[in-house]
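Given two chains presented individually in distinct reference frames, assemble the corresponding complex, making use of the accompanying hints.
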Amino acid sequence: MIKKEFTLSIFTEDHIGILNQITIILTRRQINIESITASESAVKGVQLITLAVKTSDEMIRKVARQIEKIIDVIKVFVHTSEEIVYQEIALFKMSTKSLLSGNTVDHLVRSHNVRFIEITPEYMVIEKTGHKSEIVRLLNELEPFGVLQYVRSGRVAITRQVKEFHAYLMEMDGAMRTAKDDYGMQVRQ
Amino acid sequence: MTESTVAGMAGMKAEEKEIKLPEQITGGEALLRCLIEEGVDTVFGYPGGAIMPIYDKLLNFSGSIRHILTRHEQGAAHAAQGYAMVTGKPGVCFATSGPGATNLITGIANAYLDSVPVVFITAQVVSNLIGTDAFQETDIIGISMPVTKWNCQVKRPEDIPSTIARAFYIATTGRPGPVLIDITKDAQAGKLNFSYSKCTYIRSYNPYKPLRMKEIESAAILINHAEKPLILAGHGVLIAKAEKELLEFAEKTGIPVALTLMGLSAFPTGHRLYAGFLGMHGNVGPNKLTNEADVIIAIGMRFDDRVTGNLKKYAGNARIIHIEIDEAEINKNVNVDIEINNDAREVLQKLIPLVNPASHERWIREFRICDKAEYDTVIKPEIKPVSGPVKMGEVVNMVSELTNGDAVIVTDVGQNQMSAARYYRFINPGSLVTSGGMGTMGFGLPAAVGAKTGAPGKQVVAFLGDGGLQMTIQELGTILHFNIAVKIVLLNNFFLGMVRQWQDMFFEKRYASTELVNPDFIKIAEGYHIPGKRVSAREDLKDALKEMLECPGPYLLEVLVEKEGTVLPMVEPGASVSDVKLIK
Numbered sequence: 001m002i003k004k005e006f007t008l009s010i011f012t013e014d015h016i017g018i019l020n021q022i023t024i025i026l027t028r029r030q031i032n033i034e035s036i037t038a039s040e041s042a043v044k045g046v047q048l049i050t051l052a053v054k055t056s057d058e059m060i061r062k063v064a065r066q067i068e069k070i071i072d073v074i075k076v077f078v079h080t081s082e083e084i085v086y087q088e089i090a091l092f093k094m095s096t097k098s099l100l101s102g103n104t105v106d107h108l109v110r111s112h113n114v115r116f117i118e119i120t121p122e123y124m125v126i127e128k129t130g131h132k133s134e135i136v137r138l139l140n141e142l143e144p145f146g147v148l149q150y151v152r153s154g155r156v157a158i159t160r161q162v163k164e165f166h167a168y169l170m171e172m173d174g175a176m177r178t179a180k181d182d183y184g185m186q187v188r189q
Numbered sequence: 001m002t003e004s005t006v007a008g009m010a011g012m013k014a015e016e017k018e019i020k021l022p023e024q025i026t027g028g029e030a031l032l033r034c035l036i037e038e039g040v041d042t043v044f045g046y047p048g049g050a051i052m053p054i055y056d057k058l059l060n061f062s063g064s065i066r067h068i069l070t071r072h073e074q075g076a077a078h079a080a081q082g083y084a085m086v087t088g089k090p091g092v093c094f095a096t097s098g099p100g101a102t103n104l105i106t107g108i109a110n111a112y113l114d115s116v117p118v119v120f121i122t123a124q125v126v127s128n129l130i131g132t133d134a135f136q137e138t139d140i141i142g143i144s145m146p147v148t149k150w151n152c153q154v155k156r157p158e159d160i161p162s163t164i165a166r167a168f169y170i171a172t173t174g175r176p177g178p179v180l181i182d183i184t185k186d187a188q189a190g191k192l193n194f195s196y197s198k199c200t201y202i203r204s205y206n207p208y209k210p211l212r213m214k215e216i217e218s219a220a221i222l223i224n225h226a227e228k229p230l231i232l233a234g235h236g237v238l239i240a241k242a243e244k245e246l247l248e249f250a251e252k253t254g255i256p257v258a259l260t261l262m263g264l265s266a267f268p269t270g271h272r273l274y275a276g277f278l279g280m281h282g283n284v285g286p287n288k289l290t291n292e293a294d295v296i297i298a299i300g301m302r303f304d305d306r307v308t309g310n311l312k313k314y315a316g317n318a319r320i321i322h323i324e325i326d327e328a329e330i331n332k333n334v335n336v337d338i339e340i341n342n343d344a345r346e347v348l349q350k351l352i353p354l355v356n357p358a359s360h361e362r363w364i365r366e367f368r369i370c371d372k373a374e375y376d377t378v379i380k381p382e383i384k385p386v387s388g389p390v391k392m393g394e395v396v397n398m399v400s401e402l403t404n405g406d407a408v409i410v411t412d413v414g415q416n417q418m419s420a421a422r423y424y425r426f427i428n429p430g431s432l433v434t435s436g437g438m439g440t441m442g443f444g445l446p447a448a449v450g451a452k453t454g455a456p457g458k459q460v461v462a463f464l465g466d467g468g469l470q471m472t473i474q475e476l477g478t479i480l481h482f483n484i485a486v487k488i489v490l491l492n493n494f495f496l497g498m499v500r501q502w503q504d505m506f507f508e509k510r511y512a513s514t515e516l517v518n519p520d521f522i523k524i525a526e527g528y529h530i531p532g533k534r535v536s537a538r539e540d541l542k543d544a545l546k547e548m549l550e551c552p553g554p555y556l557l558e559v560l561v562e563k564e565g566t567v568l569p570m571v572e573p574g575a576s577v578s579d580v581k582l583i584k
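Listed in order, the protein sequences are those of chains D and E.
Per my numbering, the first sequence runs over residues 1 to 189.
Per my numbering, the second sequence runs over residues 1 to 584.
For reference, chain E alone in the conformation it holds in the complex (with noise of 0.2 Å):
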């Protein structure tokens, strides 16, 4: 042997030192550290048996992830959306197997409807008691299918790794959307090397697609040529902050914009070309010019059965664009003329130089006439009653005034949100969290968790029913557990509000369970070491209001309201968006 190659050999020792060998670590510790890796820093969860090696890493990273422990998997789930849908980056909930894990299903069957991202981890029991029936094992992969975007389990602590990345690279691209990752205990306490890399291509998926010119070329010649254009925006302006595009390419236009229930905030309350809010509850403008229009432009919304009413009635005289990411949702409800399956901000990015600027004021002119009988006979009497108990809009009218339109609004579902949607002025977009596709009683103070946690600068004001309070009303215990900000707005009219109102129009008032026997919920909320108040008075609700939200704190103002309100006005059921009622 010369010195030459023995140099070269310690040379060779040398290099191999500086090789950094992967870590072996647990797959528990594995998964923590790929959530860093994708910007995660809060988590909502409940623990149980078979998580507990998540469970135990968590301590250690007790620094970069914040876990928000709520005192339901349900509560997790909603959390875990609320935040997703302010922060406009994905959730992260944990639960455990069995029973765990099928608590959460509503929540993702919630998310998904509404396409928030979310990324769920659920426990499985040792992989080798997987179909034996064991403690707490229950199909969450089966279960789950049909309400995710994607799920997968994992049995292998090195699979850990690159499944997160697919998760999180599926659940934040093209329509988002929540996605399950089912990890078995053993796969968490087994080691595997670790490495991450983000997931960034997916030969079977792919969300990014090609522009094409054509059918942005033939919408504008349309939109050109249209003497009575709409446009109705969604949710999907919101994913896409697509936001000022709108705007710009609503101004340009001089088309008035309507917003779906989730598209609400994605569009300015008080500008000139605001034509409403779409929907059974929304406002009368929209929902009748609908008929009247030649041209809709749809934006990322999905013609829902609750903005169209009777398909069969619906747009009769209108040549319709669909802009819209998810191709399956085009063609599904309403047959389209124009099908440009993209993303909303490209595609109006690009449409926007080929549209001419143009006014329709006789066009809008309608919508302002519509407004006016609206507000006479609906919204006044609503907001700006004289006599008579509390109504719901009048409060959420004060909360706006109150708020100048900037506090992130959490609803329940039923006639609190229906009122919140309608009278809340939203000025910044994504700031109405809300279930819609679901219409999921409970999912309101949960929400408003995650919410709070996302916005901790912003003000959270939640609008719940005492039906859907109640439904989840052990999360006062995560808000007492984790001092969260919220501010709570109980609209108590002692009954299932929006049933009510069903069975006393469409079922000749036979209230069959919708009336309730309700606790003291200041004292529940005293018990939680919460501050909270009732009101009855109209004198008293300023007051109430505004030292709820001066209150540092959490805080619960029930407001009793109206017992028999009716949320007005309405498309009833298999009626024509435009027979919408201003009476009942």
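The following block holds chain D by itself, in its conformation from the complex (with noise of 0.2 Å):
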């Protein structure tokens, strides 16, 4: 079984416990999560779940209908990394005499494209955005200054493709719709 790395985008309706729910799926078929992330979406009240995981073509497929079929899921989209626009955004922090020898923050800068968030006597807090790979490097370059401390957050991604999440959401609803009701959708501008 070849493993490629795939991005599940699961919009759902803003239930407690959904989450739950998905991630039971994923742990019954052994799939790790490798990051998670979860927000608004631009449709309003409706969330958007960002996963990153290794599997195979063929699990990632039976695993996306298994969490489509959950009631409160909307819709799943499984991108390879290919299809994604993405990122990630770790923050460090390091005592300020270890990297205010030589040209450290000047190669910091140029090569890895940080910021610097704060600055005091005792120590700093240094941005980077990027993939994981970069982030990971700029990691190990530090490491022999001492990192205070690293943290790393989830995969936020936006998609290549040109029909939108509203669109298929507007679909749905017309194809579905069998009554009227009250429900109202409303598409941030």
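Treat the hints loosely; a few may be bogus.
[What the hints assert, rightly or not] Calculated pairs, DSS-like style, for lysine-lysine (alpha carbon to alpha carbon, straight line, at most 27 Å): (1) D:Lys69 / E:Lys546; (2) E:Lys523 / D:Lys69; (3) E:Lys523 / E:Lys546; (4) E:Lys214 / D:Lys163; (5) D:Lys4 / E:Lys312.
Hint data in this document are derived by calculation from the structure and do not stem from the laboratory.
Here is the structure:
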């Protein structure tokens, strides 16, 4: 079984317990979650959960259908890394003294495009945005100077596809609606 | 102020008086009214501390809702499922918080795997105590999440009607399944303005998919060119009420029909196109010939491992058309060529006009050759033995003859189940109540209680083993209490028969913990005022069965059967369906 990296964009109703329902499915199939992010989507009231997982083509298809079967899940999109624009963010806390010698700071800014969020006489907080590999490369470079804290976020992703989620939603809505109800859908401008 | 305005105001007042203000009632009463709105007249359940506000109101509704008090919550869950399976209506089951709710879990999981609509209502402790490890508090939402189609906790009385409406909509549409609503005690006791409207739409859930004719047309082309086509029909046919369409489709195309365990009774057992029962202990023909078929039309079935055997050696010559309402089941176990993700009945209605009338006599003859071999080697010695101890198959066969295939058959799990499935000749759709996916021992007796409650005019016969009966034997109390006229046929071999069979075949006959020391079941029945009889001689069997069937109330007939009987044929675990064995 050849494992690949996939990003799942899962659009759900804003209900408690959805994340649990999704992870139960991944757990049963022994799929490890590489990263996870949850936020509100461009459609008001719809949550977007972005998961990065490593598994096979066949398994991701099965799992995506099982996730989409959850009553409160609206739509699941499966993407390979080529189909999305994605970023992760990392924060590093370093002792200020360790970075002040030589042209370390200059190098960090020029070759890693980092940002300094906070600088005090004792410590600095550095922000790096990029792919996991870039962040890990930076971490490796910083390690000799003594990293006091390091944290990396889950993946956030935007799809390259032309058809947007709210178009799907309106299609589904139109196909499904049998009786008029009070479900107003607002798309943020 | 002029006269006219005064008159106008008076008119307005009169109009206002006519507007009926919503009534203020408690959450508990609202729940019961919701159930009545959904057409519920029977509830299975068991009271306890947290659910008392609901039970208290139940007394006021005794004219419209019949409550069957089981002797254990698991029994209530299975009974609600049995009721749902024979009536086609959703079952309803009540339990209190904590242990009441956790006792339901086996029953919920059972209904989930067999796609049976049951609405479970559990009580929860007062909302401000949730999460504090309060007395009889348990996270039933978390616990039931993997085994329910949907679940939801209600903490405010005003949320009860809309949640119950959703629960019924979700449980009964699409691929049906159990749902669980957990209602806090304060929501049951608190007041709300009651009004009810049924749920017809949920944005994130669409059970009604548009029919895609392209796939159906492709399927028709495949079917019209097939030389050895085979229909595999499952529970989905019964759920979609597509038995007539299945019959019409099979008769027009001349394609033989094999049924899964859960699909039994979806096609008449005596029909010339009936190919038999699929799976581990199914018939030889459909198992063996699955691997010869060139086109397989799978309808409302999910290629369970008990049906497919070794997947690598399954249906290798066939192009597969899968008609299935649950998209997640398509390409899950078996990769298919044409996927038709829709309701079995609607698809068949569209498919029938597109297929050519045909007959496949040479292909069907292959089934008859298999049938003959199976009859001579297995069936005849099982149903018509001339000497030796009584066999399970002969008991089932005799019940089948005496009831003309018209009874509702309930089974437990194991050898009793496989014998009932193999040897009862069903004539009515939906007349088998059994635990398929879960294989839950102890299912039979409470499920029979539910089945008889749902079909009081039918003869309900439960085939149970001595192991399974003792797992839920307390439900004899329910049978006594409500005088539920189920006919219990206890096939007693003093063994956990199916496990013993595996020990015999695959574990060098090492009988680890499968032999049972049993009580006097007739005395136990007597204690519950249920008449009973024990038979061990072949010549007494027929009269005893007749006596049982003619008894107006419940009856327990214990048949001492062959101790070490083996259910055959068998597709051994890990083997291919074409290697189905006729002898041990």
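TODO: Output the numbers, in ascending order, of every earlier hint that fails for this structure.
DONE: 1 and 2
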